[in-house]
Amino acid sequence: MANKFLGSVMATFDKLSSRPIVKKLVYTLAVFFLVSFILIPPVLGITFKLGLAEQVFSNPELVNRSESAIFWSFAIAFSVATLDLIAGLPIAWIIVEGRSRWINIIDALADIPFVIPTVALGFSTLLFWGNSGPVSLLGVIVPPGLLLVLLLHFAFSFPVIVRVMVGELMAHNTIYETAAKTLGARAFTIARTVTLPLLRPGLIAAFLLAFARSLSETGATVIVAGLFENGPVFIKNAKDAGLEGPMVLVSFTLIISSVAVFALIRLLGNKLKIPLNRAYPGPEAGLSSKRSVNFRNSVTLLVFGLFVVLPSIYITFPAFGALSDGTLQKAISGAGVWSSFWQAMTLSYVIAVLVTLINIATGLPIAILIARKRLGKLATTLLDALVNVPIVVPSVALGVSLSLFWRTLNFLPEFWILVFAHMTITYTYFVQAMAAAIEGIPEEMEETARTLGSRPLHVFRKIILPLAKYSFLSGAILVFTRSVDETGAATAVSQSMKTAPVLLVSWVKHQVPVTDSDVALGIAFLVLTSFASLLVLRLIVYRRKK
Amino acid sequence: MPSLRLLNVTKRFGALKALDDVSFEVKDREYLCVLGSTGSGKTTLLRSIAGILRPDEGDIVLDGERVNSVSAEERNAVYVPQTYALFPHMTVLDNVMFGPLAKETDRRIAEEAAIRVLRLVRLDKRGDAYPHELSGGMQQRVALARGLASGAKLLLLDEPLGALDVRLRLELRTELRKLAKESGFTVIHVTHDQEEAMTIGDRILVLRKGKLQQLGTPYHVYNRPEKIFVASFVGSTTFLEAIVESRSKEGSKLRLREGLKVRVIDSSFEPEEAVIVSVREKNISITPEPRGDEHNRLSGDVTEVHFLGSFIRYVVKLTNGDEIAARVPIKMVKTEINQGDWVSISFDPMNTHVYEYPTLGLQGELEAS
Numbered sequence: 055m056a057n058k059f060l061g062s063v064m065a066t067f068d069k070l071s072s073r074p075i076v077k078k079l080v081y082t083l084a085v086f087f088l089v090s091f092i093l094i095p096p097v098l099g100i101t102f103k104l105g106l107a108e109q110v111f112s113n114p115e116l117v118n119r120s121e122s123a124i125f126w127s128f129a130i131a132f133s134v135a136t137l138d139l140i141a142g143l144p145i146a147w148i149i150v151e152g153r154s155r156w157i158n159i160i161d162a163l164a165d166i167p168f169v170i171p172t173v174a175l176g177f178s179t180l181l182f183w184g185n186s187g188p189v190s191l192l193g194v195i196v197p198p199g200l201l202l203v204l205l206l207h208f209a210f211s212f213p214v215i216v217r218v219m220v221g222e223l224m225a226h227n228t229i230y231e232t233a234a235k236t237l238g239a240r241a242f243t244i245a246r247t248v249t250l251p252l253l254r255p256g257l258i259a260a261f262l263l264a265f266a267r268s269l270s271e272t273g274a275t276v277i278v279a280g281l282f283e284n285g286p287v288f289i290k291n292a293k294d295a296g297l298e299g300p301m302v303l304v305s306f307t308l309i310i311s312s313v314a315v316f317a318l319i320r321l322l323g324n325k326l327k328i329p330l331n332r333a334y335p336g337p338e339a340g341l342s343s344k345r346s347v348n349f350r351n352s353v354t355l356l357v358f359g360l361f362v363v364l365p366s367i368y369i370t371f372p373a374f375g376a377l378s379d380g381t382l383q384k385a386i387s388g389a390g391v392w393s394s395f396w397q398a399m400t401l402s403y404v405i406a407v408l409v410t411l412i413n414i415a416t417g418l419p420i421a422i423l424i425a426r427k428r429l430g431k432l433a434t435t436l437l438d439a440l441v442n443v444p445i446v447v448p449s450v451a452l453g454v455s456l457s458l459f460w461r462t463l464n465f466l467p468e469f470w471i472l473v474f475a476h477m478t479i480t481y482t483y484f485v486q487a488m489a490a491a492i493e494g495i496p497e498e499m500e501e502t503a504r505t506l507g508s509r510p511l512h513v514f515r516k517i518i519l520p521l522a523k524y525s526f527l528s529g530a531i532l533v534f535t536r537s538v539d540e541t542g543a544a545t546a547v548s549q550s551m552k553t554a555p556v557l558l559v560s561w562v563k564h565q566v567p568v569t570d571s572d573v574a575l576g577i578a579f580l581v582l583t584s585f586a587s588l589l590v591l592r593l594i595v596y597r598r599k600k
Numbered sequence: 005m006p007s008l009r010l011l012n013v014t015k016r017f018g019a020l021k022a023l024d025d026v027s028f029e030v031k032d033r034e035y036l037c038v039l040g041s042t043g044s045g046k047t048t049l050l051r052s053i054a055g056i057l058r059p060d061e062g063d064i065v066l067d068g069e070r071v072n073s074v075s076a077e078e079r080n081a082v083y084v085p086q087t088y089a090l091f092p093h094m095t096v097l098d099n100v101m102f103g104p105l106a107k108e109t110d111r112r113i114a115e116e117a118a119i120r121v122l123r124l125v126r127l128d129k130r131g132d133a134y135p136h137e138l139s140g141g142m143q144q145r146v147a148l149a150r151g152l153a154s155g156a157k158l159l160l161l162d163e164p165l166g167a168l169d170v171r172l173r174l175e176l177r178t179e180l181r182k183l184a185k186e187s188g189f190t191v192i193h194v195t196h197d198q199e200e201a202m203t204i205g206d207r208i209l210v211l212r213k214g215k216l217q218q219l220g221t222p223y224h225v226y227n228r229p230e231k232i233f234v235a236s237f238v239g240s241t242t243f244l245e246a247i248v249e250s251r252s253k254e255g256s257k258l259r260l261r262e263g264l265k266v267r268v269i270d271s272s273f274e275p276e277e278a279v280i281v282s283v284r285e286k287n288i289s290i291t292p293e294p295r296g297d298e299h300n301r302l303s304g305d306v307t308e309v310h311f312l313g314s315f316i317r318y319v320v321k322l323t324n325g326d327e328i329a330a331r332v333p334i335k336m337v338k339t340e341i342n343q344g345d346w347v348s349i350s351f352d353p354m355n356t357h358v359y360e361y362p363t364l365g366l367q368g369e370l371e372a373s
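Taken in sequence, the protein lines are chains W and Y.
According to the working numbering, the residues represented by the first sequence are 55 to 600, in order.
According to the working numbering, the residues represented by the second sequence are 5 to 373, in order.
Excised from the complex, chain W in its bound form (with noise of 0.2 Å):
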């Protein structure tokens, strides 16, 4: 009864979806809520207040630390990013070459700092280069500044590269690989002559990527930054000292600078022309050697493992401890600071839930308008680039300037701006996910179920969609971990109301009276949910495959 009446509404939806009033309408307000929802709030938001910005100018000093904190920014993204993929590739590539069952493992662990939080992954770090972890006992010990950041970044910015190397190695075809062996080359020429060149693009996006996570982490940065600033770490101790001038200064420049920086290596690295193609045929045959190889290998996986997969997985050992020392008997019955800790859980699981929904309802249309290239070639570009601009902004800029913005509207309540905040920050996973998954349906499929009958919405439902469920499935869970994640643009944004990675960070900073275990045990709890749900989330999917 209930499946006919469910039926008869999506025949009737299907039905609707066939009138070229209906479709105008979807789409037009798609791009509305982009516009108005996602896109303006931030640009005008701080341009509101960039008066403000005067009062840095006539302070020498304010304006010295300003600039050094972009700098820095700039500076560690571009030199984590280098170093990322220098360490990234050949990791990708022993996880598509390699035919050792091992290589699931490494597979695995290459993912672990990205479902990790960063608050969580800042923690892990500080303890683990700290003067009590593991490393000291051999004499090292890496201090909160710089150093620790740039290890930090590293960590977080790796497995985005490894992610996208992976893609790309696996949908590469070798081959033009083959051929070349026919022709003589030796592997690492082949590699470097051949491979590469062909990986460009997605060379490019990797690293685009890993430069964009760093320039916008703002959680766990401020946990290891010391008494060292970058742009993130500047505007959270400016908000915290009340400082609104540098704050709207550091975030306008910020928003403009990473906006240009992107536009300039999306448009110079496609241009870029390495002199490649020579061959160095005596040093290279020594380089393809095995032994070379599995020289090569090693330090590879030394690397990943000592910099990657220990100080991203060393909070787990505190953690243990505090199950012991009474502190998870205090958690659970909430008593103390635990209060709170509950309160923030449930707002960011509320809120990461509220996001997603929006964010698929209103992003799915996005999704087809550009991979179907609805608008024309000239308008998709467009909107391709004006989508994934919250994600090339660094996201506690765009939280001062989302703030800003929607606290002109006094009637809006602090969690709605704190949903508004992290819909933005997240919009782009969803789409992008959506996007390339459609573009990969042939547009034949859809045009022949369209002369077989099948309306526009029922296209949709029985051939886009399941064709794309993965995409849908993963670009969600992105969308919904990142929104639990968030820190920079919470920490913007929230006045009275705190979301847990939020409350975190004001604990490891300490500004709560907490114990050290109590810190553990919070981080811990945030991992574990996260993990929970990624998992609820999988399980639904492989029960409905079913």
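It should be emphasised that the hints constitute simulated quantities derived from the structure, not laboratory data.
Please note that the accuracy of each hint is not assured.
[Unchecked claim] In silico lysine-lysine, BS3-like type, Cα no more than 30 Å apart, as pairs: (1) Y:Lys182 / Y:Lys21; (2) Y:Lys321 / Y:Lys338; (3) Y:Lys157 / Y:Lys182; (4) Y:Lys107 / W:Lys78; (5) Y:Lys182 / Y:Lys257; (6) W:Lys78 / Y:Lys338; (7) Y:Lys157 / W:Lys77; (8) Y:Lys215 / W:Lys431; (9) W:Lys427 / Y:Lys21; (10) Y:Lys185 / Y:Lys157; (11) W:Lys427 / Y:Lys286; (12) Y:Lys157 / W:Lys69; (13) W:Lys516 / Y:Lys107; (14) W:Lys78 / W:Lys384; (15) Y:Lys31 / Y:Lys215; (16) Y:Lys265 / Y:Lys286; (17) Y:Lys338 / W:Lys427.
[To be verified] A short list of chain Y residues far from chain W (calculated; beta carbon distances all over 12 Å): (18) Asp25; (19) Leu50; (20) Leu176; (21) Gly304.
Ideal Cβ placement from N, Cα and C applies to all residues, glycine included.
Once you've looked at the hints, dock chain Y against the given chain W.
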């Protein structure tokens, strides 16, 4: 019942005219083959009829109703692309049921209809299989069954046999026609294979650079090609440039380069007019020595010999430098002719066609796109 009429249909992609003022009519239950090379506008034609593309000018009339603004899903014209576009996540049965279900047919009735057409294409035992588990030929039949079950009566097939190997192609093409005829379908079948078009089409439409070249029965198109392009595209033909020397009721006398003379049956051109004369390669005979009683006897050197199974094709360079090709059935070959041999060739004036000299020259006219 579906009859289809196109009136002055033009479709542009930027500066390119993919369809240029195309008009024709397809009768109910007719099997029309659209023949043309890559880029001739065949697929654009099908997609415009299906409602996937909207023509810039002209009308598409289906069953007496102008359907330019009727959407693809309401047009009842099924498009089957060359890739078949079988839905990979659905079984064969679900694929075939897709059309009826999309039109809100009761599930039970849809299933019955699907099983019926699957039986028709002899795939009723593979209903539970997924498309990737089937061979190319089977996939092609599923695509067809899906179209048949949809309730549409106009089938638009884009190179339906293009992805299959030669033997299967030959086998399936007669089956395709039989199936369409038995089920009372009107079919537009696009192909670049002239032999395929000849064997299955009730009529053939030849398309070049978006323009209709000729529409007629296979016999008509083959034996009375109205344009140089059609003559060259349908069947193998040799072309010679000539000037009309004189004409009479019985025909005309033409002057080739270097003063060589030939007679043709056509007498519609004025003396001194530049023309192109065409002869089918199979209508040209070749002998090591002239017998004396042949029409249009010319001689030259054999420059190429191609063995084509049941035929041998000889290319002969005439004394005036022109090239002419003869295609001789293997059983008619009595004496062996080799490259470099001096031979005599001849053809009957009855077997010639004469065309006005094209503005772009002979080569320009022969280019397909």
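These are the hints, each one checked on the structure:
For the suggested pair Y:Lys182 and Y:Lys21, the alpha carbons sit about 35 Å apart, so the restraint of at most 30 Å is broken. Between Y:Lys321 and Y:Lys338 the alpha-carbon distance is near 21 Å, which keeps this suggested pair within the 30 Å criterion. A hinted pair counts as satisfied when its Cα atoms are at most 30 Å apart, and Y:Lys157 with Y:Lys182 qualifies at roughly 15 Å. Between the alpha carbons of Y:Lys107 and W:Lys78 the distance comes to roughly 23 Å, so the proposed pair stays at or under 30 Å and holds.
Between Y:Lys182 and Y:Lys257 the CA atoms are separated by roughly 47 Å; this puts the pair beyond 30 Å, and the hint is violated. Between W:Lys78 and Y:Lys338 the CA atoms are separated by roughly 73 Å; this puts the pair beyond 30 Å, and the hint is violated. With a CA separation close to 28 Å, the supplied pair Y:Lys157 and W:Lys77 stays within the 30 Å bound. At most 30 Å may separate the alpha-carbon atoms for a hinted pair to count; Y:Lys215 and W:Lys431 meet this at roughly 28 Å.
A threshold of 30 Å between alpha carbons decides the hint, and for W:Lys427 with Y:Lys21 the separation of about 21 Å falls inside it, so the pair holds. Pair hint Y:Lys185 plus Y:Lys157 holds up; C-alpha atoms about 11 Å apart against a cutoff of 30 Å. Of the supplied pair hints, the one linking W:Lys427 and Y:Lys286 is violated, its CA atoms being roughly 50 Å apart against a limit of 30 Å. For the given pair, Y:Lys157 sits about 22 Å from W:Lys69 by alpha-carbon distance, which is consistent with the 30 Å threshold.
Taking the CA atoms of W:Lys516 and Y:Lys107, the gap is about 13 Å. The hint holds against a cut of 30 Å. Between W:Lys78 and W:Lys384, the direct Cα distance comes to roughly 56 Å. Violation of the 30 Å bound is thereby established for this hinted pair. Taken as a hint, the Y:Lys31 and Y:Lys215 pair is honoured in the structure, with Cα atoms around 21 Å apart against an allowance of 30 Å. Restraint check: the Cα-Cα separation between Y:Lys265 and Y:Lys286 comes to about 21 Å, which is no more than 30 Å; the hinted pair holds.
For a cut-off of 30 Å, the pair hint linking Y:Lys338 to W:Lys427 is broken: about 63 Å separates their Cα positions. At the 12 Å boundary, the C-beta of Y:Asp25 stays outside the reach of chain W, the nearest C-beta of that chain being 25 Å off. With a cut of 12 Å on Cβ distances, Y:Leu50 falls inside the contact zone with chain W, its closest approach being about 10 Å. Every CB of chain W is more than 12 Å from the CB of Y:Leu176 (nearest about 19 Å), matching its label as outside the interface.
The claim that Y:Gly304 is not at the interface with chain W holds, since no C-beta of that chain comes within 12 Å of its own (minimum 44 Å).
Consistency note: the structure conflicts with the earlier hints numbered 1, 5, 6, 11, 14, 17 and 19.
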